[in-house]
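Protein chains: 2
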Amino acid sequence: MPHIAVDAMSGDFGPSMVVLAIRDLVKDHPDVIFRVVGDADALRQELSRARLQNSTQVIVHHASQVVAMDETPSQALRGKRDSSMHIAIGLLREGHADAVVSAGNTGALMALGKVFLRTIPGIDRPAIAAFLPTTTGRFLALDMGANVDCHPEHLFQFAVMGSILAEQVMGVTKPRVGLLNIGSEEIKGNEQVKEAALLLRASHLNFIGNVEGSDIYRGVADVVVCDGFVGNVALKTSEGLAAMIRRELRASYTHGWYGRIAYLVNRPILQRLRRRLDSRQYNGATLLGLNGIVIKSHGNADRFAFACALEVAITEAKHRLTLHIAEVIQERLDPAVRSSA
Amino acid sequence: MPHIAVDAMSGDFGPSMVVLAIRDLVKDHPDVIFRVVGDADALRQELSRARLQNSTQVIVHHASQVVAMDETPSQALRGKRDSSMHIAIGLLREGHADAVVSAGNTGALMALGKVFLRTIPGIDRPAIAAFLPTTTGRFLALDMGANVDCHPEHLFQFAVMGSILAEQVMGVTKPRVGLLNIGSEEIKGNEQVKEAALLLRASHLNFIGNVEGSDIYRGVADVVVCDGFVGNVALKTSEGLAAMIRRELRASYTHGWYGRIAYLVNRPILQRLRRRLDSRQYNGATLLGLNGIVIKSHGNADRFAFACALEVAITEAKHRLTLHIAEVIQERLDPAVRSSA
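Chain order of the listed sequences is A and B. With the working numbering applied, the first sequence corresponds to residues -14 to 326, in that order. With the working numbering applied, the second sequence corresponds to residues -14 to 326, in that order.
Among the hints, a few may not be true.
Since copy identity is lost for identical chains, a pair holds within one copy or between any two.
[As the list claims (entries may be wrong)] No more than 30 angstroms apart at the CA atoms, straight line, and that leaves these computed lysine-lysine pairs for DSSO-like:
| id | residue 1 | residue 2 |
| --- | --- | --- |
| 1 | Lys159 | Lys65 |
| 2 | Lys12 | Lys173 |
| 3 | Lys65 | Lys99 |
| 4 | Lys173 | Lys65 |
| 5 | Lys65 | Lys12 |
| 6 | Lys159 | Lys173 |
| 7 | Lys303 | Lys173 |
| 8 | Lys99 | Lys12 |
| 9 | Lys173 | Lys99 |
| 10 | Lys303 | Lys12 |
| 11 | Lys12 | Lys159 |
Keep in mind that the hints were calculated from the coordinates and are not lab data.
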């Protein structure tokens, strides 16, 4: 019976959105308890409005503060001890919850996680692991921005953890692990990536070698590993180009009467395309490597997107992801390799 | 009267494509001489076909070999001394040409450039500088993949050269230079980027600070600087996502009879979009920092794209780009900074 601690106050849309997202899930997940954290009065009001005030699946935890989007991690750690984010992490730490979901400030969430949950023994740096679309489904990419200047050993750890997540949560057998690089040839890449490849090749993982940015959306790998700086820049750049394509597409349509007619004719097609490429369905990045399941939702998530993030948390909690990773790390990580990190 | 040495044999489409691209330009550029390098017989045949056999603007140089796309730079250097690429670089080196354009193997072209032209005094590493689209025009991005593991000093040099190119060739006054980073705040980034920012801030350049991947296509900067590994991965990842969007869009249209009708109605719109985002118009990356103008065209460039690359070469040659960079480097680069590279 998984308990999910939900930070209802962080993010752009606040408690009303969060409560509606929970309402969308309670029927399909009758065995899940949602511990909603935030301003108790506001929450009870929203729960009433959503007819969840008597639900046995919802428990309210009061928090008097909220971590702001522009706060530094240290400000959040020291000054906001009664924030919804802080309390939610505390619930996980004390065993009252099996996972935390928050749409708040990523830096603060990661900092709170590192301080209060610490990392899984054997893991040096938790990574942000996000789902991205492929033509036929999805793949997992990490690190999407938690760590810059990674050592090869860190990339190796990302691969191990990502592989377990893909197996357990995405249901993939022997997930194909690729290293994001500038070419497929072994000779290509910077020092960090070349050395990481050696570690990966010597491991038990289903390492398929280097993968290029142009191939990852075709689904050549189930898990794509990279340094946090590289991953974040690549992701943001892709999003920037996609946004430009959307802007240009929209601009083409408003060009005169023909454009407007064409738009009407084209609308169902565009809607299907929008659904297919809808980033909201991929919402819910895992702070992978913390000693507890922590899911980060986009700040601007609406109820559909936030529900997707909640479902990631539920799935990972049911599969006891953290425990599985801890077991594999214990078994597999060569003590000699670990001590060199 | 600029002379452009054109490698007619490298790339996917060979001499017929190259000759047609030249034909498209001879009228608009009556003062330009095209020194076409490749198999003399094949070239003369194509020139006849294109009615250029008597043109005073075309000179044929014979080359008996071609550098293959999968050859390593060292193979190209040692084994292919009579390749069209090699001969073209030689023409530039000996002063018979003011620029080289090739659609061949980038690694080989860069290697030949470094060995036979060397770098502009004061420049350690030449970068691949490419034009990318913005909503209103274009910007210059470098390094797009020539150098991995750059030092902060290298990023600074890229910025200096890129700024001159933008001024001279794009006609931008005081080009805005941005450093590709994971956030706009100064505190963000890896060691390399943080130190590069210090150098840039202390310089004469119009440095606007960090720029994120999601903003560059909006035209926030005229010149975007990054490490070659990061730039290449970001570019390829964006291209991969754009390709996926195109695939999904196409797939949406073949979905039944409505899709086909919608496609016909939508075709002019899509064509306008395709033209607007047409990557061919941006073809022609500069190997910036070599002591001579060397332009790299995409291997799969058609005649329109290759003509765009030729025009980049013509513009840079007319503006004596290499000379300008050499002058600025002499004046501006602090000897103390240079010796620490």
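Here's how the hints hold up against the structure:
1. Lys159 <-> Lys65: This pair counts as neither: shortest intra-copy Cα distance 42 angstroms, inter-copy 44 angstroms.
2. Lys12 <-> Lys173: neither (51 angstroms within a copy, 43 angstroms between copies)
3. Lys65 <-> Lys99: This pair counts as within: shortest intra-copy Cα distance 16 angstroms, inter-copy 56 angstroms.
4. Lys173 <-> Lys65: Result: close only across copies, 23 angstroms inter versus 46 angstroms intra.
5. Lys65 <-> Lys12: So Lys65 and Lys12 fail the 30 angstroms test inside a copy (34 angstroms) and across (70 angstroms) alike.
6. Lys159 <-> Lys173: within (25 angstroms within a copy, 36 angstroms between copies)
7. Lys303 <-> Lys173: neither (40 angstroms within a copy, 36 angstroms between copies)
8. Lys99 <-> Lys12: Neither way: Lys99 and Lys12 sit 33 angstroms apart in one copy and 66 angstroms across, limit 30 angstroms.
9. Lys173 <-> Lys99: between (34 angstroms within a copy, 19 angstroms between copies)
10. Lys303 <-> Lys12: For Lys303 and Lys12, the Cα distance is within 30 angstroms only inside one copy (17 angstroms; across copies 71 angstroms).
11. Lys12 <-> Lys159: neither (33 angstroms within a copy, 60 angstroms between copies)
Consistency with the previously given hints fails for numbers 1, 2, 5, 7, 8, 11, ordered from lowest to highest.
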